[in-house]
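*Asks:* Sequence:
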Amino acid sequence: MKLNFKKTGEGEPLIILHGLFGSADNWFSIARDLGKSYTLYLVDQRNHGDSPQSEDWDYEVMAEDIAELMKDEGLASAYLMGHSMGGKTAMFFALKYPEKVRKLIVADIAPRQYPVHHQTILEGLNAIKLEDLKSRKEADDLLSKYISDSGIRQFLLKSLGRDQDGNFIWKINLPVITAKIENVGEALDLDGTFDNPTLFMGGANSNYINEGDKADIDRFFPDHKIIHLKNAGHWLHAEQPEAVIQTVKAFLG
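The numbering of the sequence shown is UniProt numbering, which starts it at 1 and goes up by one.
Rather than coming from a laboratory, the hints here were simulated on the basis of the structure.
Among the hints, a few may not be true.
Restricting the straight-line Cα-Cα distance to at most 25 Å, the calculated cross-link-like pairs of lysine to any residue (SDA-like) are [what the hints assert, rightly or not]:
no., residue 1, residue 2
1, 145, 124
2, 214, 178
3, 7, 32
4, 96, 54
5, 158, 249
6, 7, 97
7, 180, 123
8, 7, 102
9, 2, 97
10, 171, 36
11, 249, 233
12, 225, 247
13, 180, 165
14, 96, 184
15, 134, 183
16, 180, 197
17, 180, 247
18, 36, 60
19, 225, 182
20, 96, 191
21, 2, 163
22, 180, 207
23, 171, 238
24, 180, 61
25, 96, 163
Nothing here was measured: the structure is a model prediction, and the numbers come from that model.
I would like the entire structure built from these sequences, with the hints used as guidance.
*Replies:* Following this line, the structure appears as structure tokens:
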């Protein structure tokens, strides 16, 4: 699949993958700084943003999408960073194509299986009937019945767009994500290891990477480092962007 991406900056290539319900836009503010040191590929993963939509949606096909992007761009290898779902895609890709990844950064996710915990978000999104929707304000009001946090609602509503006729559309493939949400939480199930340097960068206020994950991380990524950024939760790049920028630079540089 030919993914949509924004290429910016100059230097060695760094591919960045967003998380579930997100898009390449989530990394634009950080890209302004990192682009001074690296050529960034800010990617919309399939079924998200402006990339194509498909019934096929798991880490196998999402990793193959990255392989196709690198081939099209003439990249023999690159630095690779992914957040949450994007971190799982990045881990899967690094284990399958270790020769294509110079260093790996995994933001607030571990290789283990995670239980489905997005039911309320999916209920809220599916409650918005696009054919009847009159405004973004109306969408926010409907979503507020399910999600009280306005920041999370605004993040989710970034995926609400309009088609060429002005009708509201979802940029995410909501039916497929709803039907196959369990795929996002799947554990890595691959043989082999990724032996190049790997950084697991978690949020100190998040429970996505914990002490119990070290055995799995050791198994797949023997040359790794785990850090937790202070005053950051799961969306650490939005909550502590400067800390993320400096940590990425130090690790890659």
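*Asks:* Decide, hint by hint, whether the structure agrees.
*Replies:* Verification of the supplied hints:
In summary, the hint linking residue 145 to residue 124 is supported, as the alpha carbons are separated by about 8 Å, within the 25 Å threshold. Annotation: proposed proximity of residue 214 to residue 178 is violated, straight-line Cα distance about 30 Å (limit 25 Å). Simply put, residue 7 and residue 32 have alpha-carbon atoms about 12 Å apart, close enough for the 25 Å limit, and the pair holds. Only pairs whose Cα atoms come within 25 Å are accepted, and residue 96 paired with residue 54 is accepted, the gap being roughly 22 Å.
For the given pair, residue 158 sits about 28 Å from residue 249 by alpha-carbon distance, which is inconsistent with the 25 Å threshold. In summary, the hint linking residue 7 to residue 97 is supported, as the alpha carbons are separated by about 22 Å, within the 25 Å threshold. Straight-line distance between C-alpha atoms of residue 180 and residue 123 comes to about 14 Å, which keeps the hinted pair within the 25 Å bound. Under the criterion of a C-alpha separation no larger than 25 Å, the hint pairing residue 7 with residue 102 is consistent with the structure, at around 19 Å.
Taking the CA atoms of residue 2 and residue 97, the gap is near 19 Å; set against the 25 Å cutoff, the hint holds. For the proposed pair residue 171 and residue 36, the alpha carbon gap of about 30 Å is over 25 Å, so the pair is violated. With a C-alpha separation of about 20 Å, the suggested pairing of residue 249 with residue 233 holds against the 25 Å cut-off. In summary, the hint linking residue 225 to residue 247 is supported, as the alpha carbons are separated by about 12 Å, within the 25 Å threshold.
A threshold of 25 Å between alpha carbons decides the hint, and for residue 180 with residue 165 the separation of about 29 Å lies outside it, so the pair is violated. Taken as a hint, the residue 96 and residue 184 pair is honoured in the structure, with Cα atoms around 18 Å apart against an allowance of 25 Å. As the CA atoms of residue 134 and residue 183 are separated by approximately 33 Å, the hinted pair breaks the 25 Å bound. Between residue 180 and residue 197 the CA atoms are separated by roughly 32 Å; this puts the pair beyond 25 Å, and the hint is violated.
Our distance criterion of 25 Å between C-alpha atoms is broken by residue 180 and residue 247, whose separation comes to about 33 Å. Restraint check: the Cα-Cα separation between residue 36 and residue 60 comes to about 32 Å, which exceeds 25 Å; the hinted pair is violated. Only pairs whose Cα atoms come within 25 Å are accepted, and residue 225 paired with residue 182 is rejected, the gap being roughly 28 Å. Taken as a hint, the residue 96 and residue 191 pair is honoured in the structure, with Cα atoms around 9 Å apart against an allowance of 25 Å.
Proximity of residue 2 to residue 163 is assessed by CA-CA distance (about 20 Å); at most 25 Å being required, the pair is judged to hold. Between residue 180 and residue 207 the alpha-carbon distance is near 23 Å, which keeps this suggested pair within the 25 Å criterion. Annotation: proposed proximity of residue 171 to residue 238 holds, straight-line Cα distance about 21 Å (limit 25 Å). Restraint check for residue 180 and residue 61: satisfied, since their Cα atoms lie roughly 13 Å apart, inside the 25 Å limit.
Taking the CA atoms of residue 96 and residue 163, the gap is near 37 Å; set against the 25 Å cutoff, the hint is violated.
Violation of the numbered hints given earlier is confined to hints 2, 5, 10, 13, 15, 16, 17, 18, 19 and 25; the remaining hints are satisfied by the structure.
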